[in-house]
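Asks: Sequence:
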Amino acid sequence: MLRIYNTLTRKTEEFQTLEPNQVKMYVCGVTVYDDAHVGHAMSALVFDVIRRYLEHRGYTVRHVMNYTDVDDKIINRASQLGEDPLTLSQRYIGEYTNELHSLNVLPATSYPQVSKTMPLIIQFIQGLVQKEAAYAASNGDVYFSITGDKDYGKLSGRKLEEMQAGARIEVGEAKDHPMDFALWKAAKPGEISWDSPWGKGRPGWHIECSAMNLAELGEQIDIHGGGNDLIFPHHENEIAQTESYTGKPFARYWIHNGMLQLAGEKMSKSLGNIVSIKDFLSKRSADVMRMLVLSGSYRAPLVFSEETQEAAEKNVERLKSALRPGSPSASGVIPETAAYLASAVDSARSGFTEAMDNDFNTAGGLAVLFELVKAINTARDNGARNEQLKSAQDVFKELTGVLGLTLAEKKGSSEKEAQVNALIAERNEARRQKQWTRSDEIRDQLKEMGVTIEDTKDGTTWRWG
RNA sequence: GGCGUCGUGGCCAAGUGGUAAGGCAAGGGUCUGCAAAACCCUGAUUCACGGGUUCAAAUCCCGUCGACGCCUCCA
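Per this note's numbering, residue 283 is the first one in the first sequence, and the count goes up by one each step.
In short, the hints are calculated from the structure, not lab data. None of the values given here were measured: they were computed from a predicted structure. Just so you know, not all the hints are guaranteed correct.
Calculated lysine-lysine pairs in the BS3-like style (CA-CA distance at most 30 Å, straight line) [to be verified]: (1) K398 x K413; (2) K355 x K293; (3) K355 x K457; (4) K602 x K672; (5) K398 x K467; (6) K729 x K698; (7) K436 x K551; (8) K565 x K693; (9) K602 x K560; (10) K560 x K729; (11) K551 x K355; (12) K698 x K739; (13) K739 x K656; (14) K692 x K656; (15) K693 x K729; (16) K656 x K596; (17) K441 x K457; (18) K548 x K565; (19) K293 x K530; (20) K692 x K560; (21) K482 x K470.
Build the full structure now, drawing on both the sequences and the hints.
Replies: Written as structure tokens, this is what we have:
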């Protein structure tokens, strides 16, 4: 039985879908105006693992991830660069798409964009105005009226009277209540805009997700996700809009990932402490990024430091060790060892599911997999042949695959590989003649090339890294 | 100030009532010409601190201290 922590109820609840075996999941994507950073990667990876696990559990998942391609920051950036805002955002969408692919994130079912949802957004706002949940102000903006929404604040646990928003009203705004938020913003001169019943303008930030949700998944969905910095005001406002519009409960489960932290602080563009996905992937593998995320609870802050990255890299190497083949000269294992391995496989399978069923406890699932690594390696050390390892390795690959790990070996060019093989041949000749100094020289040379070698009784093996 | 999450060995981290998973790092050992890898062994009498409930608490309750997030754009 899968249980999920629901931000809305602050409880871990049994997961029940609206329709049998179908999951409708909407995850807030990014605002595309700059390079995405590893914090964005964390969020994408968290929901990728959730999606993979749901599919592993037999659900069909419709996974929608939106792009915010119309927004103040995009407009500012574009005007700085003298570029069309939608051209700019489209370029970053292309880059982010590639980065997600590099991170082995499964493609979503669809990727709606604000700029392509305009008629529905306007229709949505009109509906809210008709229901008197929203009002057009004198300045051409349209605001959502918070006071008419009796359960406003239920997601973030806030009460209207506790929110000190009075000081935040900017000059020029024409709100009835300080906490009212914009559904439609009147265009400033020269700004990109769309025609609407309230004049030229563009949508506010929150309405887009309500509208795209409705367009892609319907009035009610199973899972709505995003970073926990979106709980208020973004998701709170989404609930307010959608439920006012449809009159039905919106999302059954609200799932929020914790923030990635650099030196004890949240990584964010406004703080300027950014490590971009691009930078990360130029130094370390996608598996390492994923391992960092899998190592802890998705809801907790993620410590992103040299030390944790190094440990994650070692963890990935350790997992890979389970996939190494048995020795060609292996004699085979005794029945007791074979039975031990078989039971290790069984407990890995059940332990993995048990951990993951508990609110996607990936750290617990990983611990189970490390136990399986040990069992496989022990069997190999005790003389298991490839066919004796295979079924255990197959299960191991299946489960690491559910977490989205590739465990792929690094690759070099074929000419480099030829060079490496030549050096190893030379070294083995030196070793045969017990010329240890020469042989160690060659090993050092290979190390500098990024090659690690291992001498076994069946010969010398090597790998990049 | 308000709302929320959290504080577990050197580091990361699971466990949320039944007597502390796992990984990294460290030390010792097996193997090896030496390494590397793998394997074996060693480590929290204790879970921020102080009270309380219970036969039993890292886990529940109260208080204190501390960290982080949100309350303004944010994954």
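Asks: Work down the list of hints and note, for each, if the structure agrees.
Replies: Against the structure, the hints come out as follows:
1. K398 x K413: OK: K398 and K413 at ~25 Å, within 30 Å.
2. K355 x K293: violated, 36 Å
3. K355 x K457: This hinted pair holds, its Cα atoms lying about 23 Å apart.
4. K602 x K672: holds, 14 Å
5. K398 x K467: Cα-Cα ~17 Å, so holds.
6. K729 x K698: Distance ~13 Å between K729 and K698 Cα, so the pair holds.
7. K436 x K551: Status holds; Cα separation ~28 Å.
8. K565 x K693: Satisfied, since the Cα-Cα distance of roughly 14 Å is no more than 30 Å.
9. K602 x K560: Measuring from Cα to Cα gives roughly 24 Å; hence the hint holds.
10. K560 x K729: Satisfied, since the Cα-Cα distance of roughly 26 Å is no more than 30 Å.
11. K551 x K355: Holds: K551 and K355 sit about 11 Å apart, inside 30 Å.
12. K698 x K739: With Cα atoms ~25 Å apart, K698 and K739 stay inside 30 Å; holds.
13. K739 x K656: Since the Cα atoms of K739 and K656 sit roughly 21 Å apart, the hinted pair holds (cutoff 30 Å).
14. K692 x K656: Measuring from Cα to Cα gives roughly 23 Å; hence the hint holds.
15. K693 x K729: This hinted pair holds, its Cα atoms lying about 15 Å apart.
16. K656 x K596: Since the Cα atoms of K656 and K596 sit roughly 15 Å apart, the hinted pair holds (cutoff 30 Å).
17. K441 x K457: holds, 19 Å
18. K548 x K565: holds, 22 Å
19. K293 x K530: holds, 21 Å
20. K692 x K560: holds, 18 Å
21. K482 x K470: Roughly 9 Å between the alpha carbons, so the hint for K482 and K470 holds.
The structure fails to meet hint 2 from the earlier list, while all remaining hints are met.
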